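Build out the structure end to end from the sequences listed, making use of the hints.
If you read the protein sequences in the order shown, they are chains A and B. Add 92 to a position in the first sequence, counting from 1, and you land on the number used in my numbering. Add 92 to a position in the second sequence, counting from 1, and you land on the number used in my numbering.
Hints in this document: simulated from the structure, not taken from any laboratory. Please read all numbers here as calculations on a predicted model, not as lab measurements. Hints should not be assumed to be uniformly reliable.
Stated by the list, open to error - Pairs of lysine to aspartate or glutamate, EDC-like flavour, derived with a Cα cap of 20 Å:
(1) A:98 - A:159
(2) A:202 - B:489
(3) B:202 - A:437
(4) A:202 - B:437
(5) B:94 - B:463
(6) B:202 - A:489
(7) A:197 - B:463
Protein chains: 2
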Amino acid sequence: MKTLIKGAVVVPMTEGGQGAGGTGSGAGETWFVGSVAWEGNKIVYVGPDGGGGAEGGVDEFIAANPDAEVIDGRGRLVMPGLVNTHTHVAMTLMRNAMDDVPLMKWLNEKIWPLEATLTPDDIARGARVGIEEMLAGGTTTMVDMYWHEAAIAKVVKEEGIRAVLCPCFVDGEKMADFEADLPETLAVAEEAGGRITVRIGPHAAYTCSPETMRRGIELARKHGLGAHVHLSETQDEQAIVKERYGCTPTEYLRDQGLFELPTMAAHSIHLSDGDIEILRGAGVTAVHNPQSNMKLASGAAPVVKLLEAGVNVSLGTDGAASNNDLDMFDEMRTAALLAKHTAADPSVLPAWEVLRMATANGAEAIGMGGELGVLAQGALADVVMVDVTGPHWFPAENDPVSALVYSAKSSDVCGVWVDGEARLRKF
Amino acid sequence: MKTLIKGAVVVPMTEGGQGAGGTGSGAGETWFVGSVAWEGNKIVYVGPDGGGGAEGGVDEFIAANPDAEVIDGRGRLVMPGLVNTHTHVAMTLMRNAMDDVPLMKWLNEKIWPLEATLTPDDIARGARVGIEEMLAGGTTTMVDMYWHEAAIAKVVKEEGIRAVLCPCFVDGEKMADFEADLPETLAVAEEAGGRITVRIGPHAAYTCSPETMRRGIELARKHGLGAHVHLSETQDEQAIVKERYGCTPTEYLRDQGLFELPTMAAHSIHLSDGDIEILRGAGVTAVHNPQSNMKLASGAAPVVKLLEAGVNVSLGTDGAASNNDLDMFDEMRTAALLAKHTAADPSVLPAWEVLRMATANGAEAIGMGGELGVLAQGALADVVMVDVTGPHWFPAENDPVSALVYSAKSSDVCGVWVDGEARLRKF
Numbered sequence: 093m094k095t096l097i098k099g100a101v102v103v104p105m106t107e108g109g110q111g112a113g114g115t116g117s118g119a120g121e122t123w124f125v126g127s128v129a130w131e132g133n134k135i136v137y138v139g140p141d142g143g144g145g146a147e148g149g150v151d152e153f154i155a156a157n158p159d160a161e162v163i164d165g166r167g168r169l170v171m172p173g174l175v176n177t178h179t180h181v182a183m184t185l186m187r188n189a190m191d192d193v194p195l196m197k198w199l200n201e202k203i204w205p206l207e208a209t210l211t212p213d214d215i216a217r218g219a220r221v222g223i224e225e226m227l228a229g230g231t232t233t234m235v236d237m238y239w240h241e242a243a244i245a246k247v248v249k250e251e252g253i254r255a256v257l258c259p260c261f262v263d264g265e266k267m268a269d270f271e272a273d274l275p276e277t278l279a280v281a282e283e284a285g286g287r288i289t290v291r292i293g294p295h296a297a298y299t300c301s302p303e304t305m306r307r308g309i310e311l312a313r314k315h316g317l318g319a320h321v322h323l324s325e326t327q328d329e330q331a332i333v334k335e336r337y338g339c340t341p342t343e344y345l346r347d348q349g350l351f352e353l354p355t356m357a358a359h360s361i362h363l364s365d366g367d368i369e370i371l372r373g374a375g376v377t378a379v380h381n382p383q384s385n386m387k388l389a390s391g392a393a394p395v396v397k398l399l400e401a402g403v404n405v406s407l408g409t410d411g412a413a414s415n416n417d418l419d420m421f422d423e424m425r426t427a428a429l430l431a432k433h434t435a436a437d438p439s440v441l442p443a444w445e446v447l448r449m450a451t452a453n454g455a456e457a458i459g460m461g462g463e464l465g466v467l468a469q470g471a472l473a474d475v476v477m478v479d480v481t482g483p484h485w486f487p488a489e490n491d492p493v494s495a496l497v498y499s500a501k502s503s504d505v506c507g508v509w510v511d512g513e514a515r516l517r518k519f
Numbered sequence: 093m094k095t096l097i098k099g100a101v102v103v104p105m106t107e108g109g110q111g112a113g114g115t116g117s118g119a120g121e122t123w124f125v126g127s128v129a130w131e132g133n134k135i136v137y138v139g140p141d142g143g144g145g146a147e148g149g150v151d152e153f154i155a156a157n158p159d160a161e162v163i164d165g166r167g168r169l170v171m172p173g174l175v176n177t178h179t180h181v182a183m184t185l186m187r188n189a190m191d192d193v194p195l196m197k198w199l200n201e202k203i204w205p206l207e208a209t210l211t212p213d214d215i216a217r218g219a220r221v222g223i224e225e226m227l228a229g230g231t232t233t234m235v236d237m238y239w240h241e242a243a244i245a246k247v248v249k250e251e252g253i254r255a256v257l258c259p260c261f262v263d264g265e266k267m268a269d270f271e272a273d274l275p276e277t278l279a280v281a282e283e284a285g286g287r288i289t290v291r292i293g294p295h296a297a298y299t300c301s302p303e304t305m306r307r308g309i310e311l312a313r314k315h316g317l318g319a320h321v322h323l324s325e326t327q328d329e330q331a332i333v334k335e336r337y338g339c340t341p342t343e344y345l346r347d348q349g350l351f352e353l354p355t356m357a358a359h360s361i362h363l364s365d366g367d368i369e370i371l372r373g374a375g376v377t378a379v380h381n382p383q384s385n386m387k388l389a390s391g392a393a394p395v396v397k398l399l400e401a402g403v404n405v406s407l408g409t410d411g412a413a414s415n416n417d418l419d420m421f422d423e424m425r426t427a428a429l430l431a432k433h434t435a436a437d438p439s440v441l442p443a444w445e446v447l448r449m450a451t452a453n454g455a456e457a458i459g460m461g462g463e464l465g466v467l468a469q470g471a472l473a474d475v476v477m478v479d480v481t482g483p484h485w486f487p488a489e490n491d492p493v494s495a496l497v498y499s500a501k502s503s504d505v506c507g508v509w510v511d512g513e514a515r516l517r518k519f
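Put into structure tokens, the structure is as follows:
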């Protein structure tokens, strides 16, 4: 089964691509009016219309593939599926349950008591809503950290989103839950044919003792897994780790050997220059969560500094309890605005760089750079189509990369394919 | 002609209302499951279902008004229309034309050269797109400042949004354009039967000399008009005014007599305590434009301080060239997030207060407090209906005021009425 979208604005997110239409507002990114085709779960054609693409032009492609479904791309934009690299998807259950209160009050009086009552069935229910929200908004991959990931894995399999699932652990009795959850999650992942991968989810430096970390890392090594951790989200975390171990959370996690695993570090706000150098040297991805960080007043991650240092920075929504949605378009816009505001410089973190954080950098974060987060021949067919005819897209001839970040809405998404399979068809 | 929405979540934005459902996340605001009805352009019924509203309950209302259109409100929320108190609606023409560059480069290389070429027809075309965007997103009133407002007024009349139109002026030859535009705009406003009002639009302290201000204020007095000005948007503005007049922009505008007119001051970022006291004493509204301010790295307005001081603070998108949309839901969310981030305190500017800025405070800003921006008997029927069945609204039983600010999208808007007349029906 082949599918072709013809005559759309194509934003491939590949550097130095075949672009004929123009460059993004920053540099390096190209877009063009052209076509994208896939067969099974792989992209087989990307090229500008009338310009003779990689395989001799779209008309030749159509002639050679008379059985392909051809979708009219006019008035539409095609881009790689968005990669949400930090969420707790089941926390849709706690959306808008208690807002505008200090973090510890929120955790102590609402979130933790609610979480203590959650069954795997509840978690599956929350996950289903969150996955449907993400797919509707153009997110085709999520990186999730939570309890009972095996229950979430079953929903992921049914809903057909791509996922990296990270069973969470902390000190205490929950460690046994993790040790039960991990193999169950791995078993479901195995049935999902590559669409689900698994990582360990050590909660954070202040909630995982050296012994807890050792047990988690040992399991990761046994199964060949990466890691996903919260890092330096609050000043409280900095103070606790400093008092307990005499170092920064980054140093602590490095010293436990965590960064010997492929690691993604959510939040990554309160980082010293030395911490940034540690992350760069170890190839750790910093996951930026601007809306959650602003809403909980945690601070602004040093995104520009991290990127300049050569750290891979991706983007995530965090859970719906602290955001309060799973909308990556919203998140892209906020990332751009917060960086400019923080630097007092409107030229930092241009639109194309934010879009890269939400696509190609997200793929890199989960070890799938080049395979995912780009529209390129041979890459996986995680494809999103966006309606660009709404008034907020006017005038359509201006920069489509800027438009995606500053004007687009997740509700403009009108087509979503994961592994080449349609998950949303609003056309 | 009577219209009734029955069985919806009603967010009336009236203090101490008839609420039976619960209070907003902060304090003071109530919501309930109930009904709203209007006849002509006036709201005639607001009350909780089954609770016996102001006139004896919705069933009695329906029995007494068999000719009313009854709209099923289940799965929907009803709120006052949003009031966008600062925009340059025709700047949709320049949306995404040049982003991620420093302010002066943006103005010198793109915006001002483009503006120099605009005809009244161009401006009307840009305004039409912007008004359609706003109506689709639940904005029922806009406060606009631009050149050729008479051309915009004609589009406003056709599209049926409510508007305060503010012909702009600066030093130099454009003053003559303003003096021609003002009476023309007033003439169109007169034909619009109260839906359009007019104010003078002195651009800013650094672009209007005392003589220019005098001429503008004189015309305002002659026609009984208020004013809409840009205030303390950038540090450059502060420095120029300090050098030229030895005072702050706020002091300068007060000294010219501007604040003797009902005045709205957009941006209002770099304010001293003395400036805030001047605004409070003169009853000037500060219009917050968080997305534009972040995108251009202008700074964060002292919203919490202004509100605590007793200054009326409303909300506006600014133009689409610096935002880059006219989406008040987006703007509400950003206002809440930026305030918390700036204060390093997640409890400031709670959702209900942001929603008030976008509704009741906006009405207050344009001299229509009580008449607009609330759902109350006798108020104008500017009504917005929102679909609350999307996954991002789950679970629907949680705080609907939080949901409106933190989770809702402008695309959830499924019904819009201005002066009781339907402008959007997506149900």
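Hints breached by this structure: 7
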